[in-house]
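We have chain F; now place chains E and R onto it with these hints.
These protein sequence lines map, in sequence, to chains F, E and R. The numbers in the working numbering rise by one with no breaks, and the one at position 180 of the first sequence is 180. So the mapping is simple: the working numbering equals the position in the second sequence, first residue as 1, plus 315. So the mapping is simple: the working numbering equals the position in the third sequence, first residue as 1, plus 682.
Mixed in with the good hints there might be a few duds.
Claimed, not checked - Computed, partial: chain E to chain R, Cβ under 8 Å:
{"id": "1", "residue": "Gly377"}
{"id": "2", "residue": "Tyr473"}
{"id": "3", "residue": "Gly488"}
{"id": "4", "residue": "Pro489"}
{"id": "5", "residue": "Asn490"}
{"id": "6", "residue": "Pro495"}
{"id": "7", "residue": "Asn634"}
{"id": "8", "residue": "Gln635"}
{"id": "9", "residue": "Arg671"}
Stated by the list, open to error - Simulated DEER-style distance windows between Cβ atoms:
{"id": "10", "chain 1": "E", "residue 1": "Ile481", "chain 2": "F", "residue 2": "Ile233", "range": "56 to 62 Å"}
{"id": "11", "chain 1": "E", "residue 1": "Leu368", "chain 2": "R", "residue 2": "Gly761", "range": "57 to 63 Å"}
{"id": "12", "chain 1": "E", "residue 1": "Gly390", "chain 2": "F", "residue 2": "Val300", "range": "51 to 57 Å"}
{"id": "13", "chain 1": "F", "residue 1": "Gly52", "chain 2": "E", "residue 2": "Gln479", "range": "48 to 54 Å"}
{"id": "14", "chain 1": "E", "residue 1": "Gly390", "chain 2": "R", "residue 2": "Pro1003", "range": "34 to 40 Å"}
{"id": "15", "chain 1": "E", "residue 1": "Val667", "chain 2": "F", "residue 2": "Thr40", "range": "35 to 41 Å"}
{"id": "16", "chain 1": "E", "residue 1": "Leu583", "chain 2": "F", "residue 2": "Gly42", "range": "23 to 29 Å"}
{"id": "17", "chain 1": "F", "residue 1": "Gly52", "chain 2": "E", "residue 2": "Leu503", "range": "50 to 56 Å"}
{"id": "18", "chain 1": "E", "residue 1": "Arg440", "chain 2": "F", "residue 2": "Val60", "range": "22 to 28 Å"}
{"id": "19", "chain 1": "R", "residue 1": "Asp1091", "chain 2": "F", "residue 2": "Ile117", "range": "54 to 60 Å"}
{"id": "20", "chain 1": "F", "residue 1": "Val203", "chain 2": "E", "residue 2": "Leu583", "range": "36 to 42 Å"}
{"id": "21", "chain 1": "F", "residue 1": "Val49", "chain 2": "E", "residue 2": "Ile652", "range": "42 to 48 Å"}
{"id": "22", "chain 1": "R", "residue 1": "Gly761", "chain 2": "F", "residue 2": "Val300", "range": "51 to 57 Å"}
{"id": "23", "chain 1": "E", "residue 1": "Leu583", "chain 2": "R", "residue 2": "Glu1098", "range": "52 to 58 Å"}
Said to hold, decoys possible - Partial list, computed: chain F residues near chain R (C-beta under 8 Å):
{"id": "24", "residue": "Lys169"}
{"id": "25", "residue": "Asp175"}
{"id": "26", "residue": "Ser176"}
{"id": "27", "residue": "Tyr177"}
{"id": "28", "residue": "Ala178"}
If you are wondering where the hints come from, they were derived from the structure by calculation, not from laboratory data. All values derive from a computational prediction rather than experimental measurement. Using N, Cα and C, we set each Cβ at its ideal position, and we do this for glycine too.
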Amino acid sequence: MTITDDAGRGPDAALGAEPIGSGAPGRTASSPRARRHRLTPGRVAGQVVLYGVLALLALVYIYPFLVQVATSFKSEQEAALDPVSLLPQTFTVAAYERLFLHSDFPLWFANSAIVTICVTLGRVFFVSLAGYALARLRFRGRAVVFAMVVAVMAVPTVVLLIPKFLVLKQIGIYDSYAGMILPLLVDAAGVFIMKNFFESIPVAVEEQARIDGAGTFRVFWSIVLPMARPALITIVILSFQGSWNELSHFIIATQSPGLTTLTKGVASLASGQLSQGTQYPLKLAAAAIMTIPVAVLFFVFQRRIVNTSEGAVKG
Amino acid sequence: MPATVAPAPPHGGLRVRRRGGVRRGEGLAGWVFVLPVIVILGVFLFVPVLMALWVSFSDWTGRGSPFSGGVRFVGLDNYASLTTGGGLATRDFGTALRNNAWYVVLVVPLQTALSLLLAVLVSRRMLRARGFFRTAFYFPSVTSSVAITVLWVFLFSYAGPVNQIIAWLGATGPNWFQDPRGILNLALGGGPGPAWLADSGFLGISWWDWLSGPSVAMLALILMAVFTTSGTFMLLFIAALQNVGEDLTEAGMVDGANGWQRFWRITLPQLRPTLFTVITLGLIGCWQVFDQIYTGTQGGPAKTTVTPAYLSYTAAFQNQEWGQGAAIAFILFLIIIVFTILQRWVLRDRPVSRRRMRPYLPKGVRS
Amino acid sequence: MRRHTAVTALGAAGLVGATVIALTGCGSGFDEGSNPTGSSSAASLTSSDDPLTVMIGSSGDAETKAVQDAVAAWSKTSGVKATVVAATDLNQQLSQGFAAGSPPDLFYLSTDQLAGYAGNGSLKAYGDQLKNKDDFYPSLVQNFTYDGTFYCAPKDFSTLQLVINTGLWQKAGLTDADIPTTWDQLAAAAKKLTSGKTKGLVFGGEYARVGAFMAQAGGRLVSEDGTKAEANSDANVQALTYVQQHLKDGTFAYASDVGAGWGGEAFGKQLGAMTIEGNWLTGAMGDYPDVKYKVVELPAGPAGKGTLQFTNCWGMAADSPNQKAALDLVEYLTSSDQQLAFSKAFGPMPSVESAADTWKKDNPDLVAFLTGADYAQGVPTNKGSADVISDFNAQLESLKTGDVKKILDSVQQNLEAIVK
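Pulled out of the complex, with its shape left as it was, chain F reads as follows (with noise of 0.2 Å):
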């Protein structure tokens, strides 16, 4: 689902600084094209115009990032008189050091990684399992299964807090790692993204290998899988992003301290019993750890995740 212009060219093109669809051929010099190239000062201006503007956005947006990381190298009582420079006066890692070495953050980081890791593998897998098969595979029942996916998207989380939290218990899973995995596993967004993807590969490649006497599974894991990659680093990226960041579920599905997740644990640090006064620089820091992988992914995908964007429902 990658964005091209018209021509075949890819993303770069399409928002360069081409005009879409004006690769046509049999525009003339005079033509509105090349009257635009000329600079006017009423150009110039608009320019600066829009410059200044972007500037100004891009100030606001990142400017809290800046300071929540300036802030966590400050003094608690520096961060109280002089909150907007981003230098502290005196660089302090105390907040780092509490965080590490007082307090059970580190904890809450295995946690979060140990559980973000296996939802997106198991994500991975089962979601492109049924999304194949929804797409492909001839079964009966198969449009009430679609169906049943579709339905569950409309459902809104909130009605899922109470419910899930008395199944986890009936089931005997709640507390616990599987309680905290289980039902995150799958995902309808994901079955749908993946439908959507395998529904549009052509399918002379699986009609050959069936001929060639492959099974069904053997056709979907050596064959089909290894074409779906696009989709599925889309998948990775928001399973991981989704599991990494969820909190609600972790609230109700948990409850002794060790498994505490980081959502759970930096949520806490704002508001609990463990947070008297105004210790801004430790909760900034926490913040601050807890981003930094999902910041990670995001840069090393994002060209991926920009262009995927007309598929991808935020979670």
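Just chains E and R now, with coordinates in the frame of chain F:
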């Protein structure tokens, strides 16, 4: 061969063999493939909804199984105590609805407009560092709501950067997250409202309170919501803008339309599907706001940031009113459905009216 | 092909059916035989080798450490393992634990939560089986008696009194003779102490502090026997009007208005020269060693001296598998010596009368808190009162600009719904 035999299939008997040979086991494989999805979605999404429905119609107090013998069916009692009961439960529910309604009314238009603006700016033809700007605007959407809320509480604290910057501009910022005054109320001078508004009400809240707008604390949360979601929707608009053909816009230019008219009359209508998606997603998301309240304000100050989702959680997990908590969740579900349908109806493709069409019809057809 | 379909359809139906049966029938998580009233009957205590979990709502590191040390010492002598868990949100974690059928064995239980949990059978009433039952203050025992049964042992108690920053006091030219004993004197002292960023009197904007003024005016939220709602009495109106007046003229302030999380923080950061707090303040003031302070009795209002009293008890879960050991632990933790040790560590006063004299001797500066016990009022204990009080708190936050009568009328209405 006898004449009564049906005509042979095109490939002789090969078709049957092929179905048995190549497609053999496909039905079973299909079921096996979707089994994990069905089981997990069924057990953790479908069954819980049914269970919650039962709990909302029962008087389960939180001890033992909700299906045990001691739990009675009480019909619509829980729903009644929330809507017509008139006591504290009704007032809390009314407050939650009011807070969330103002949140939706402000966040959805703001985030749609802002994300559209950002998309238009970033899609301008001659722009360097396009990738940088796109990244900058999208980055907040990637972070967790917990992390952003922690950051926001710091930014908008009494002695935080925002108030500091406001002080540079000469004014004094309010104590954002502790200030329960409604902003409309403040704009109109504050104080108790006129008797005809203050004495009657709906769901236990007087009309004056309904109209007092979001509190200052809620306003900070609204700004946070716009900040975090405008990036995602900006990407959707960028993708849609790329699919808008240049031809129509150039035709408009030739016809003498200025930039603003071109945008409003030509580009925007072509963005209708994306607009619809963005507004729907926005509505659904806004009515369920929970994480930010749990992390940042826990409903305060003075219950002005309580939302139905948060109320459902506190009613069940803190006050052990499980039936009421479940009932709140289902009423919220209904509200979301109603709003989605309403919005779909408002933005539907209406046939062009005759009056509008007249200038474009061939001479003979004009009435 | 038909047989194939039938097989798959049957298989699917069977699977769904099995899931449903498994969920409703064999739910291993829930206690099937737990009879709501049966298990809280007095005599029988469960006994087993299971370790104990103790959940506390800690006021800080000092309290957590003190409780952990005490429990560890008991573990060594009794041979039963026990762990202490400091909750981040005690009410929510308790509630979730009870609903999930796996609550902690012992936990802090506040007066307003007692009615709810006792009513739905979550608690074990062990009060009458305590060896030191007669040592507890009668008013505290009363607080933890529900439906005629003494449920749990009070673990300590505190009262509210006035805390003065002696440094700022002297700087403003005030002496011991100026220590306020009436409302007017309090207002005058607060006025003298208000300068710049410091307000004269700073306290939390909630019933748990403002209620002290109500007590001094002779008002209560519910009658002493808990059967009548008295929120909108003239006395309460008088008290709230007094507070409102001084919030308006800037000599009193809420902690949140000056940018602090609670009165103690405002006092420690010297954003307030006086505060109204309880015994726990001493533990928290360890974070602000530069502030020298003095505890005096709150001034008398129109009806004389009055203050609020707070207490928690050691709740025991009815589902606990080792209640005998838990009872032993409670007796250890509420013994005179152990309570005095707790008091030294994080502040509150022992709930047993036998420790009173020793405590007075050890804490001559804090005697005012203990004296307050003579005339202190408890907070309402009716089921549902916690909700009403948090609604009251929400309205108190806008007391400065609000209508006193309207606020109290709405509280009255809410209380009337729960006292019957």
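Against the structure, the hints come out as follows:
Taking 8 Å as the C-beta cut-off, the interface hint given for E/Gly377 holds, the closest approach to chain R being about 4 Å. At a threshold of 8 Å, the smallest CB-CB gap from E/Tyr473 to chain R is about 4 Å, leaving the interface hint in force. Interface restraint check: E/Gly488 against chain R, minimum CB-CB distance 12 Å, threshold 8 Å, status violated. Given hint, E/Pro489 at the interface with chain R, is violated; its Cβ is 11 Å from that chain's nearest Cβ, farther than 8 Å.
Hint status for E/Asn490: holds, given a least beta-carbon distance of 7 Å to chain R, under 8 Å. For E/Pro495, the interface hint holds, since its Cβ comes within 8 Å of a Cβ in chain R; the closest pair sits about 6 Å apart. For E/Asn634, the interface hint holds, since its Cβ comes within 8 Å of a Cβ in chain R; the closest pair sits about 6 Å apart. Evaluation of the E/Gln635 hint against chain R yields a held restraint, the C-beta minimum of about 6 Å falling below 8 Å.
The criterion of a C-beta within 8 Å of any C-beta in chain R is not met by E/Arg671, whose closest approach is roughly 52 Å, and the hint is violated. Taking 56 to 62 Å as the suggested C-beta distance range, the pair E/Ile481 and F/Ile233 does not conform, at roughly 43 Å. Between E/Leu368 and R/Gly761, the C-beta spacing of about 49 Å breaks the proposed range 57 to 63 Å. Distance hint check: the CB atoms of E/Gly390 and F/Val300 are about 55 Å apart, consistent with the given range 51 to 57 Å.
For the pair F/Gly52 and E/Gln479, the supplied restraint of 48 to 54 Å is violated, since their beta-carbon distance comes to about 24 Å. Between E/Gly390 and R/Pro1003, the C-beta spacing of about 38 Å keeps the proposed range 34 to 40 Å intact. The supplied range of 35 to 41 Å is met by E/Val667 and F/Thr40, whose beta-carbon atoms lie about 38 Å from each other. As the Cβ distance of E/Leu583 to F/Gly42 is approximately 24 Å, the hint placing it in 23 to 29 Å holds.
With their beta carbons about 35 Å apart, F/Gly52 and E/Leu503 fall outside the hinted range of 50 to 56 Å. Remark: the range hint 22 to 28 Å for E/Arg440 to F/Val60 is upheld by a beta-carbon distance near 24 Å. Remark: the range hint 54 to 60 Å for R/Asp1091 to F/Ile117 is upheld by a beta-carbon distance near 57 Å. Remark: the range hint 36 to 42 Å for F/Val203 to E/Leu583 is upheld by a beta-carbon distance near 39 Å.
Here the CB-CB span from F/Val49 to E/Ile652 is close to 44 Å, well matched to the stated 42 to 48 Å. Range check, R/Gly761 to F/Val300: about 55 Å between beta-carbon atoms, so the 51 to 57 Å window is met. Evaluation of the 52 to 58 Å hint for E/Leu583 and R/Glu1098 yields a pass: the beta carbon distance comes to about 56 Å. Interface hint status for F/Lys169: upheld, as the beta-carbon distance to the closest one in chain R is roughly 4 Å, under 8 Å.
Interface restraint check for F/Asp175: the shortest CB-CB distance to chain R comes to about 7 Å, inside 8 Å, so the restraint holds. A cut of 8 Å between beta carbons decides the hint on F/Ser176: the least distance to chain R is about 11 Å, and the hint is violated. Taken as an interface hint, F/Tyr177 does not check out: its beta carbon lies about 16 Å from the nearest beta carbon of chain R, beyond 8 Å. Because the smallest distance between the Cβ of F/Ala178 and any Cβ of chain R comes to about 13 Å, over 8 Å, the interface hint for this residue is violated.
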